[in-house]
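> What follows is the residue order along each chain.
Number of protein chains: 2
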Amino acid sequence: MTAIAPWMQRLGMLHPIIQAPMAGTSTPELAAAVSHAGGLGSLGLGAHSVEQAHADILRTRELTQAPFNVNLFCHRNAHADPERDAAWLEYLAPEFARFGARPPRRLENIYPSAVGNGPLQGMILQLRPAVVSFHFGLPEQPFIDALRRAGCLTMACATSLDEALHIEQAGIDVVIAQGMEAGGHRGVFEPEHDQFMGTLGLVQLLVRHTQLPVVAAGGIMDGTGIAAALQLGACGVQMGTAFVLCPESAASPAYRATLQSPRSMHTQLTSAISGRPARGLSSRLHTLGQRYGQALPDYPRAYDAAKALHRVASASDCHDYAPFWAGQGAPLARALPAAELMHTLCQELYAAQKNSAR
Amino acid sequence: MTAIAPWMQRLGMLHPIIQAPMAGTSTPELAAAVSHAGGLGSLGLGAHSVEQAHADILRTRELTQAPFNVNLFCHRNAHADPERDAAWLEYLAPEFARFGARPPRRLENIYPSAVGNGPLQGMILQLRPAVVSFHFGLPEQPFIDALRRAGCLTMACATSLDEALHIEQAGIDVVIAQGMEAGGHRGVFEPEHDQFMGTLGLVQLLVRHTQLPVVAAGGIMDGTGIAAALQLGACGVQMGTAFVLCPESAASPAYRATLQSPRSMHTQLTSAISGRPARGLSSRLHTLGQRYGQALPDYPRAYDAAKALHRVASASDCHDYAPFWAGQGAPLARALPAAELMHTLCQELYAAQKNSAR
Chain A
272 MTAIAPWMQR
282 LGMLHPIIQA
292 PMAGTSTPEL
302 AAAVSHAGGL
312 GSLGLGAHSV
322 EQAHADILRT
332 RELTQAPFNV
342 NLFCHRNAHA
352 DPERDAAWLE
362 YLAPEFARFG
372 ARPPRRLENI
382 YPSAVGNGPL
392 QGMILQLRPA
402 VVSFHFGLPE
412 QPFIDALRRA
422 GCLTMACATS
432 LDEALHIEQA
442 GIDVVIAQGM
452 EAGGHRGVFE
462 PEHDQFMGTL
472 GLVQLLVRHT
482 QLPVVAAGGI
492 MDGTGIAAAL
502 QLGACGVQMG
512 TAFVLCPESA
522 ASPAYRATLQ
532 SPRSMHTQLT
542 SAISGRPARG
552 LSSRLHTLGQ
562 RYGQALPDYP
572 RAYDAAKALH
582 RVASASDCHD
592 YAPFWAGQGA
602 PLARALPAAE
612 LMHTLCQELY
622 AAQKNSAR
Chain B
272 MTAIAPWMQR
282 LGMLHPIIQA
292 PMAGTSTPEL
302 AAAVSHAGGL
312 GSLGLGAHSV
322 EQAHADILRT
332 RELTQAPFNV
342 NLFCHRNAHA
352 DPERDAAWLE
362 YLAPEFARFG
372 ARPPRRLENI
382 YPSAVGNGPL
392 QGMILQLRPA
402 VVSFHFGLPE
412 QPFIDALRRA
422 GCLTMACATS
432 LDEALHIEQA
442 GIDVVIAQGM
452 EAGGHRGVFE
462 PEHDQFMGTL
472 GLVQLLVRHT
482 QLPVVAAGGI
492 MDGTGIAAAL
502 QLGACGVQMG
512 TAFVLCPESA
522 ASPAYRATLQ
532 SPRSMHTQLT
542 SAISGRPARG
552 LSSRLHTLGQ
562 RYGQALPDYP
572 RAYDAAKALH
582 RVASASDCHD
592 YAPFWAGQGA
602 PLARALPAAE
612 LMHTLCQELY
622 AAQKNSAR
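The listed protein sequences correspond, in order, to chains A and B. Numbering (my numbering) for the first sequence: 272 to 629. Numbering (my numbering) for the second sequence: 272 to 629.
One chain only, chain A, in its complex shape (with noise of 0.2 Å):
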């Protein structure tokens, strides 16, 4: 069996296979479910109220009992600029009128970063979930080192070893490696330096550069994919798309049909849905964004604008703007239960490493 690295072991997980947070699509069953499997599961409470990710954080609890990854966004907070804004707003206004409704009249910062945020760092230090992770970038030192102190485990997301080294030295104790091939955002803390690294690529760069703990995430769906990251010399894995297709999710029937369609062959990275660069299946909002040659409003502003355009949309039963996140191992998604899943990847990943030996 596949040796399960001490910072695992101390949580109690059986396999190293965390289910990705997924914000608006991790729900607190599918984290029990991966759990309660002995992986990890995770909450993605990056597009939560406060109340809502604390209810988010209780309800899993009831759940499980089993340890589980709690996920903040830390991103730079937006900067408000009214013309490019109103900019953007006009461009899209004749996808709004397709529906006969006008776009909004402005745009919110509908997503608070953790950085800086009171009310969410008080409400976690309170909890004190198993594990604390963080997206495009870190929260501020004294709050990393209180959930330390408060007996947290913490991870955060990495693209290129510049961010690991800057994740080893805020004192983190797990890097995730997210390669170009991951579905959803992004985890680079500054979209204009991005890389573009390969899960490849980056987990080898950063299992050699760095002391920590390197968890591969892009592109892994089956039992052969984890092989080949421990092969790397990962510990472990860290899954989004795989998980999408699980009833426990939230994913929307529209988004389940989608991800089990040809579609799932052609997934594209845009900033033009959020305003952050983020995978997931192409759609009209992908080349809306393309050809739009102007600065796009920064995350999550633009988000609000892509949010009111598919809530039109959508109630009109057309799903072209909907932000079906995938990766690039999309068309390996399989529709199981969470903890079937788990089962399948495991006898996969054990399969795997015993031919790999003769």
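Calculated from the structure, these hints are not laboratory results.
Footprint (simulated), chain B over chain A, 3 or more residues, beta carbon under 8 Å:
hint	region
1	443 to 456
2	461 to 470
3	594 to 604
Beta carbons are placed, not taken as given, at the ideal position from N, Cα and C, and that holds for glycine.
With chain A's structure known, arrange chain B on it following the hints.
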């Protein structure tokens, strides 16, 4: 030991390792050393005249009895657009001026494609290399069929499943799955439709959706990377950057020094050097390309400009415009004679496979 795929066994290969063809960097000496050591060496003939290509093949045969791979570029022949050429040359004029020089008056198609190239195709059919491979697309079906009748094994590069299926339908024997981590020119058939698949994602897709043996390329630098690729279902790997520092390659002292410096950490894709997307160590040409808002001259017309600029600059010992091709695994490159590198790779591969079964 690793099971060697039947097609590799027929070639007398002992190890599932192909040294990537690298036009301008591969040499008869390098190819011969790799084939002699039980891998498959390659000649990159895309930048050669028919005479030079003929001479290199004969030279390699003097150095080794073992089979080796001969790689041909099958790009769509460049469309000459004098306005586009003039605009690009004008944009580069200040760079030439740094060295008291002027840009060329015009650009030429310096590297004719193998497509429609009677003299080249005739020469190849006459010499009947053991392996003939294609980059940027495929040549005409009659040429492929003639090569197969002549007993040549054929391989072609795919950057997407669409391309791989195309390759399979043409009767090609082996597909090289080239991820975006790879150094040098992307083999994408039509750059306008590039999906930027990472190696991890692409290999898994091709293994499941084609019947061809799949060779993994892009970011693989050592035995653990090879082991990971095999876990994913690849039958072998193609490694380019890993071989650049071998003394047998044609890499210049400046190329070697830069590849072994911290600059190895930063590679970038750009079409500004040659007209087609290629990955190399970040240079002034990358910056120039990023800022240019217009369409570049088709490959290889833009390459004519970049080569002229590099010639002028390096005459003043300035390497700002050197196309130092390298993949995302560049920091892991090692300077070893090819035979020693092959030996090291095999030891690492065997150790990685043995470890994974514990």
